[in-house]
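K.L.:
In order, the protein sequence lines correspond to chains A and B.
Take the first sequence: its position 223, counted from the start at 1, is 223 in our numbering, and no numbers get skipped.
Take the second sequence: its position 21, counted from the start at 1, is 1021 in our numbering, and no numbers get skipped.
A hint or two may mislead.
If you want a taste of the chain A side facing chain B, the calculated C-beta under 7 Å gives, among others [unchecked claim]:
(1) 125
(2) 145
(3) 218
Where chain B lies over chain A, by a calculated footprint (3+ residues, C-beta under 8 Å) [to be verified]:
(4) 149 to 160
(5) 166 to 172
Please keep in mind that the hints were generated in silico from the structure rather than gathered at the bench.
Predicted, not measured: the structure shown is a model, and the values here were computed from it.
Glycine included, every Cβ here is placed at the ideal spot set by N, Cα and C.
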Amino acid sequence: MTMNAAITGVGMSDIGRKTGRPAMAHLLEAARRALDCAGLTKDDIDGICTYPGKADNSPGMSPLGTGEVRNALGLKTRWHSAVPDGPAQMAPIMVAAMAVATGQARHVLCFRALTESSSQTAAQRASIPGAGRARLGGWYSYLVPANAMSASNWAGWMAARYFHEFGMTREHLGMVATGQRAFARHNPSAVMQAPLAMEDYLGARMISSPLGLFDCDVPIDGACVIIVSAADAARDCARAPLTIEALGSALGSQETWDQRADLTTMGAHDACADLWSRTDMKPADVDVLALYDGFSIFVPYWLEAFGFCGHGEAKDFIAEGNIGPGGRFPVNTGGGQLSGGRLHGFGLLHEACIQLWGQGGGRQVEGAKTAVCGMGGGFIAGAMMLRRD
Amino acid sequence: MRPLPELTPENTAFWTGGAEGKLMIAFCKDCDQAIHPPQIVCPRCWRESVETRAVAGTGRVYSYTINHQPWAPGMQVPFALAVVDVDGAPGVRITAEVVGADPESVAIDQTMRVTFLNVDDVWFPQWEPAQ
């Protein structure tokens, strides 16, 4: 059931570590590139949406809200929204698709901006929810005060259980990390481009077992813009519209990282099942995969969630060479967040779009016409299928 | 510096039960559903008759991780975090630091017993090997 919504342009700023550039400078650059990509001008943009909105939850996590961006770019909009509670970082793109499909806007600028690299110091780590506050509430108040401060801890115990049940080893996750690095070597905007060998991966320091340094994505400064357009408006854009074939947002378990009955699955499994209920397409129809890799372990979870292999089979699926360069189901062809930098899923979707437009250069997947994107880890997840007709 | 949870009517019993050495878990008085994190309503039957009960304070390790990265100034590493299925509270897991054991010795299915760390007005559950 195709949506009357399409992605018509994408843009990414010159991302990097400790760039020293204000978030708005990154955002402006990403917006300019996305408009150029779509063949649109500022005046064509009549909607704006972001995740999560301006938030100081953790340092540099979301320095810009829709209000500031509207002001800075002088946008006049018919529709705006920020979505802190939704199907992961994909939420703004999903609600933008619904907005254009229902006539609230024609071209929505969806953005994600982060300055986690510049904001991070030894005493102030990025991605520690509630950092600097005296008292915490919400789901993470049962984890952070218990010294389970980092998502690497939460993903670590998921991985430990998965390893225990299915015999996955660090080498399997090493294949994810080194495979994505091999892709990143062909992506000039990836922040990590030096070769990464399995022995480098295995020799790196442990962060939260069984996850080591190269199982963790890289905090960066940067911004990414995805333009979502109404199907009829998309036809006037510079490129072939990337039609949103289906979305999946279901969530069956609690908002926690430790209470889900089976932690060898996650929210992704609910969201992907939801997605497949809305399309006649199948995993075998997919050419390019953009799977959330805040931690390497999420990649096998997403592979299984989307049904590219069965539950517990991802280790063999990975070892058979399916997901790296030259594989049948290439994952995170721009290097992902592990090598490309953490743009909270937007960078992964950006890359999927580049592939569907055939502009992946040395990493291009031949004839790519269909992509899936999964964003989120743990209890949050959003899933999308895109196709170029 | 360890951040502290905000004490609310729903969670105070959980965070302060350790003062009397008790692990306090929320249950629905009507349908007996164990509820964690604690809340004022039963997610199964929607009744508001949630009460807290002391459970035995033992459980089994569902999973764990050994944290090696000092995420905050003064954090001593490494230490193990155990996600424990709590005996007598079906479906409830308590994630806490493991104390009184070599972090490398923690294993899935190991049995644990609760102990508490008092910081200000909060008693943090911690897990130590039952044997």
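K.L.:
Count the residues of the segment 166 to 172 of chain A with a beta-carbon closer than 8 Å to any beta-carbon of chain B: does the count reach three?
P.N.:
Violated, because only 0 residues of the segment 166 to 172 of chain A bring their Cβ atoms closer than 8 Å to Cβ atoms of chain B.
K.L.:
Should the hint that residue 145/A touches chain B count as held when the rule is a Cβ pair under 7 Å?
P.N.:
For residue 145/A, the interface hint holds, since the closest Cβ of chain B sits about 5 Å away, which is under 7 Å.
K.L.:
Please check whether residue 218/A passes as an interface residue: C-beta within 7 Å of a C-beta belonging to chain B.
P.N.:
Violated, about 15 Å.
K.L.:
Taking 8 Å as the C-beta cutoff, is the stated coverage of the segment 149 to 160 of chain A by chain B satisfied by three or more residues?
P.N.:
holds (count 9)
K.L.:
Can residue 125/A be said to touch chain B, with a Cβ gap under 7 Å?
P.N.:
holds, 5 Å
Going through the hint list in order, the structure does not satisfy hints 3 and 5.
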